[in-house]
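Asks: So the sequence lines, in the order shown, correspond to chains B and W.
Heads up, the first sequence is in our numbering, so the first residue is 1 and it goes up one at a time.
Heads up, the second sequence is in our numbering, so the first residue is 1 and it goes up one at a time.
Derived from the structure by calculation, the hints contain no laboratory data.
Mixed in with the good hints there might be a few duds.
[Said to hold, decoys possible] Some chain B residues flagged as far from chain W (calculated, every beta-carbon gap over 12 Å):
1. Ala7
2. Val8
3. Leu70
4. Val72
5. Val87
6. Lys92
7. Arg148
[Unchecked claim] Not the full set, but computed from the structure, chain W residues with beta-carbon under 8 Å of chain B:
8. His7
9. Leu9
10. Ala17
11. Phe18
12. Ile21
13. Val42
14. Ile46
[To be verified] DEER-style ranges, computed between Cβ atoms:
15. W:Leu27 <-> B:Lys92: 18 to 28 Å
16. W:Leu27 <-> B:Arg114: 43 to 53 Å
17. B:Leu137 <-> W:Ala35: 24 to 34 Å
18. W:Phe5 <-> B:Pro10: 11 to 21 Å
19. B:Ala7 <-> W:Leu6: 27 to 37 Å
20. W:Ala35 <-> B:Val41: 15 to 25 Å
21. W:Gly43 <-> B:Pro62: 54 to 64 Å
Note that CB positions come from ideal geometry on N, CA and C, so glycine has one too.
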Amino acid sequence: MTDEQKAVSPKVWLALFAAWLLPGAGHLLLGRVRRGLLFAVIVWCCFGLGLAHTGRLALKDPRQPFLTTLQVVANMGIGPADLIARVKVYGKPVYRAYNRGPNASRDDRLVIFRERERSALSMYGTAYLWTAGLMNLLLLFDVWDIGRRRKGRVGK
Amino acid sequence: MRSHFLHMLLYSSLVAAFFAILMRQTLRDRLRFGAMIWLAMVGGAIILAYLMYPFPR
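Just chain B, with the same shape it has in the complex (with noise of 0.2 Å):
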């Protein structure tokens, strides 16, 4: 692999990036029109049937860290999308269960949270906001196969 092969343009960071901020955006950009939008509706469709479900949006428990951090990260995929339905679920953009420092408090985001979980359709929405979060982390290594050009133009 040649120097100037190895050095990633502008571009295919600047498409990574939107491709993350919002889903399908990061295909448009590279010019895989028809790709991106599929993908778009695909993702958002999840998202949208996660939220209509009452998903739970995860919260970082320090009783299990490993595991809540991971659907964290799983919500996180889906890019800002996750903040504004935090601040809307919640109240504001919180990721933990507890606040951090001496005046730690759980205000009222469990019981929200605890409320969703009770909700009949919760596992089903749970289900679909890790599935978008995780279909568009995998799509960031989409974009970045086509960006390094490591996948053909056949079938757009």
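Following the hints, complete the assembly by docking chain W onto the known chain B.
Replies: Just chain W, lined up with the frame of chain B:
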């Protein structure tokens, strides 16, 4: 929608479509691969459900 079965069908369809588009390039290949994933997910769940049937809680 509260039906577990309908959610399984919908979820499998979304996941199958996603991976078919991601991993295959032509329409024909995508349809075949997507159908395979969908059948594996739905069929696998139904087979597993029947295997679990004799062992309730």
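Asks: Measuring from the C-beta of Ile46 (chain W) to each C-beta in chain B, is the shortest one below 8 Å?
Replies: violated (18 Å)
Asks: Regarding the hint that Leu9 (chain W) lies at the interface with chain B, is the smallest CB-CB distance below 8 Å?
Replies: With a closest approach of 12 Å, the Leu9 (chain W) hint is violated.
Asks: Is the nearest CB of chain W more than 12 Å from the CB of Lys92 (chain B)?
Replies: Given that every Cβ of chain W is farther than 12 Å from that of Lys92 (chain B), nearest at about 30 Å, it holds.
Asks: Taking the beta carbons of Phe5 (chain W) and Pro10 (chain B), is their distance inside 11 to 21 Å?
Replies: violated (48 Å)
Asks: Does Leu70 (chain B) really sit off the interface, with its C-beta more than 12 Å from all C-beta atoms of chain W?
Replies: holds (19 Å)
Asks: Beyond 12 Å from every Cβ of chain W: is that where the Cβ of Arg148 (chain B) lies?
Replies: At roughly 16 Å from the nearest Cβ of chain W, Arg148 (chain B) sits farther out than 12 Å, so the non-interface label holds.
Asks: Would the non-interface assignment of Val87 (chain B) survive a Cβ cutoff of 12 Å against chain W?
Replies: Answer for Val87 (chain B): holds, closest chain W Cβ roughly 26 Å.
Asks: Lying within 24 to 34 Å: is that true of the beta-carbon distance Leu137 (chain B) to Ala35 (chain W)?
Replies: holds (25 Å)
Asks: Per the stated criterion, does the least C-beta distance between Ala7 (chain B) and chain W lie above 12 Å, as a non-interface residue requires?
Replies: Its Cβ never comes within 12 Å of chain W, the nearest being 26 Å, so this holds.
Asks: Does the closest beta carbon of chain B sit nearer than 8 Å to the beta carbon of His7 (chain W)?
Replies: For His7 (chain W), the interface hint holds, since the closest Cβ of chain B sits about 5 Å away, which is under 8 Å.
Asks: Next item in the hint list is Phe18 (chain W). Is there a CB on chain B closer than 8 Å to its CB?
Replies: Hint holds; Phe18 (chain W) Cβ to chain B Cβ min 5 Å, cut 8 Å.
Asks: Is it the case that Val8 (chain B) keeps its Cβ farther than 12 Å from each residue Cβ in chain W?
Replies: holds (21 Å)
Figure legend: structure checked against the earlier numbered hints; hints not met, in rising order: 9, 13, 14, 15, 18, 19 and 21.
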